[in-house]
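Undergrad: Below are the chains, spelled out letter by letter.
Number of protein chains: 2
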Amino acid sequence: MKYDNVLLAHGGGGLLTGQLIAEKFLPLFSNPYLEKMEDGAVFNIGDQKFCFTTDSYVVNPIFFPGGDIGALAVNGTVNDLAMCGGRPLFLSAGFILEEGFPMAHLETIIASMSEAAKKAGVAIVTGDTKVVPRGAADGIFINTAGVGVINYIGNVSVKAIEPGDVVILNGTMGDHGVTILNQRQALSFDMNITSDTAPLGGLVEVILDASAHIHAMRDATRGGLGAVIAEMAVQSQTIIEIDEARIPVHDEVRGFCEVLGIDPLFLANEGKMVVFCSEADALAVLAAMKSHEYGKDAAIIGTVKERDRGRFVLKTIIGGLREIDLPSGELVPRIC
Amino acid sequence: MKYDNVLLAHGGGGLLTGQLIAEKFLPLFSNPYLEKMEDGAVFNIGDQKFCFTTDSYVVNPIFFPGGDIGALAVNGTVNDLAMCGGRPLFLSAGFILEEGFPMAHLETIIASMSEAAKKAGVAIVTGDTKVVPRGAADGIFINTAGVGVINYIGNVSVKAIEPGDVVILNGTMGDHGVTILNQRQALSFDMNITSDTAPLGGLVEVILDASAHIHAMRDATRGGLGAVIAEMAVQSQTIIEIDEARIPVHDEVRGFCEVLGIDPLFLANEGKMVVFCSEADALAVLAAMKSHEYGKDAAIIGTVKERDRGRFVLKTIIGGLREIDLPSGELVPRIC
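Respectively, the protein sequence lines represent chains R and X. Going by the working numbering, the final residue of the first sequence carries number 336, and the count climbs one at a time with no gaps. Going by the working numbering, the final residue of the second sequence carries number 336, and the count climbs one at a time with no gaps.
Treat the hints as calculated values from the structure; they're not laboratory data. Remember, it's a predicted structure, so these values are computed and weren't measured experimentally. One thing to keep in mind: the hints can contain errors.
For identical chains, the list gives no copy identity; a pair is met inside one copy or between any two copies.
Unchecked claim - Here are the computed lysine-lysine pairs in the BS3-like style, where the Cα-Cα straight-line distance is at most 30 Å:
1) 36 - 315
2) 159 - 118
3) 36 - 49
4) 118 - 49
5) 49 - 119
Turn these sequences into a full structure, and let the hints steer you where they fit.
TA: Rendered as structure tokens:
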């Protein structure tokens with residue numbers, strides 16, 4: 001289908017985002033780095049392998065239980081570097097502020113970014129600030145880009161996924177999505193759930209140390225686990241089968257989702273990732289993940305079946321097999 | 001003075017932008033890379049020196065004579081890398097789109113970015129697209145970050161400026177600012193002036209080849225030549241004397257400025273830079289610049305006098321000496 005105007009779903013991380021990239025960006029920005037469609041670009045300069053990535057953050061509200069737009073902006077980009085198998089080193093920060101934005105909010109956000117950067121072991125080394133007149137933006141938008149080095153022996157890429165690989169998830173699904181949704185509009189369920197925003201660089205180091213056969217990693221942000229697995233199935237040209245009963249979900253998140261009629265599978269996370277590794281190393285990787293602060297609820301949730309045009313098959317809790325398509329949009333606009 | 005809310009001038013590249021950075025960002029993002037306050041961060045990984053920079057583009061209107069927001073977003077970041085003495089290699093692109101933004105406009109902008117990237121010799125290797133609901137942004141904002149390598153023998157830094165250095169400018173002032181201003185509101189003078197947006201990487205290579213004593217370079221964007229020289233005087237702790245009569249300005253730009261009562265010294269440029277080099281090499285650098293497409297109107301415009309707390313002294317056309325302070329804001333919001 002052809003769209004004359006940009007829809008919210010074009011930014012949702014689902015089907016329309018994929019189409020926008022494949023049809024508009026790739027043909028013109030054509031180069032082998034971008035075409036890999038990973039969380040970041042990987043390139044060599046001299047003998048050293050680098051990764052480089054960017055994300056803009058437009059989350060609404062900007063402050064929420066468990067974090068704020070600043071922490072998200074640091075952790076999100078740190079995590080995209082980590083997903084390339086890289087060690088995050090340096091970040092840039094670009095601020096677009098609306099005239100009249102409270103200086104106290106900006107100070108809180110800067111402090112939060114500073115704390116998140118320290119925790120993630122990265123330095124924010126360059127930046128930019130633009131201010132637009134009242135009404136031309138909604139408060140604050142932050143872009144971060146990041147540079148990291150890759151020293152891992154293997155090639156971490158969705159293209160390296162093989163039949164037989166095991167899929168491991170590092171923890172509960174939907175916490176960030178539910179937290180943001182609950183802040184919106186008239187919703188305000190009394191919950192103990194907070195955003196899971198966290199830097200995953202340390203967890204990734206532990207994972208890479210545990211196995212020389214880590215094939216792919218990706219964080220389950222916009223579009224949730226559902227979008228990520230559906231996308232990776234197509235990119236790896238395999239059937240990925242996930243066992244719904246094994247996906248960790250907090251009871252409160254499950255309850256919230258039942259009331260609203262939404263599926264935690266498609267809710268955004270900001271500190272959760274999937275790892276694809278060889279079957280032989282799966283238990284070692286799982287054990288390593290469980291030893292880490294951000295992996296203690298890790299679980300093996302599925303396996304990669306045969307080569308295919310790319311399908312995500314969910315073994316549902318009630319026992320059936322359901323094919324999951326890339327969601328057509330994000331459940332919650334401005335989730336990150 | 002303390003501000004409770006963000007003002008337009010905080011994004012103008014002048015005094016308030018400097019205060020915002022010095023008082024809010026630097027204390028919390030504290031690290032030696034950021035504290036240098038150059039156009040980009042410079043760091044070593046192994047034996048290789050790198051530069052890394054970012055800018056967000058919020059220009060209004062998004063299409064204008066001589067360019068558009070896409071060309072600006074590529075050239076601006078390429079130029080910041082070049083100003084570090086670097087060879088620009090890789091760019092990221094982060095788009096924030098307003099729901100309903102015309103897809104045809106997006107296509108034009110992507111094509112323009114692609115063309116600008118080819119011309120500048122860089123690849124756009126990673127990206128991100130966010131869409132916000134109608135009214136939450138004004139059409140399109142683009143962030144680019146860039147990575148380059150530095151192979152120059154010298155240390156290109158505002159701190160390397162020395163008394164006796166010669167200041168060379170590569171061409172006419174104010175073309176971009178006048179072009180954007182003329183598109184705004186009721187203004188529409190009949191002019192042949194177009195934005196000077198251009199990638200300066202090639203010109204910088206020629207400059208660096210011409211002399212081993214290039215001390216500093218900076219592009220004169222937001223706040224114009226006035227803001228750049230005033231800032232560099234303070235950062236280098238010298239007196240910089242500029243001869244107003246030697247600053248190239250198109251007649252039409254001068255006429256436009258006289259009618260509106262503004263000074264081309266403070267108008268933004270998107271393809272203009274100043275070079276600080278040793279007196280002995282100044283003529284060689286000038287000749288090299290004049291041989292290049294983007295330096296054919298190059299001129300020696302001033303010299304660095306003694307060490308000082310940092311002052312920009314303008315020798316005016318009528319013969320007096322006028323001290324120029326960092327402008328308190330940008331003449332034109334959303335100029336880039």
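Undergrad: Hints numbered earlier in the text: which of these fail when held up against the supplied structure?
TA: none
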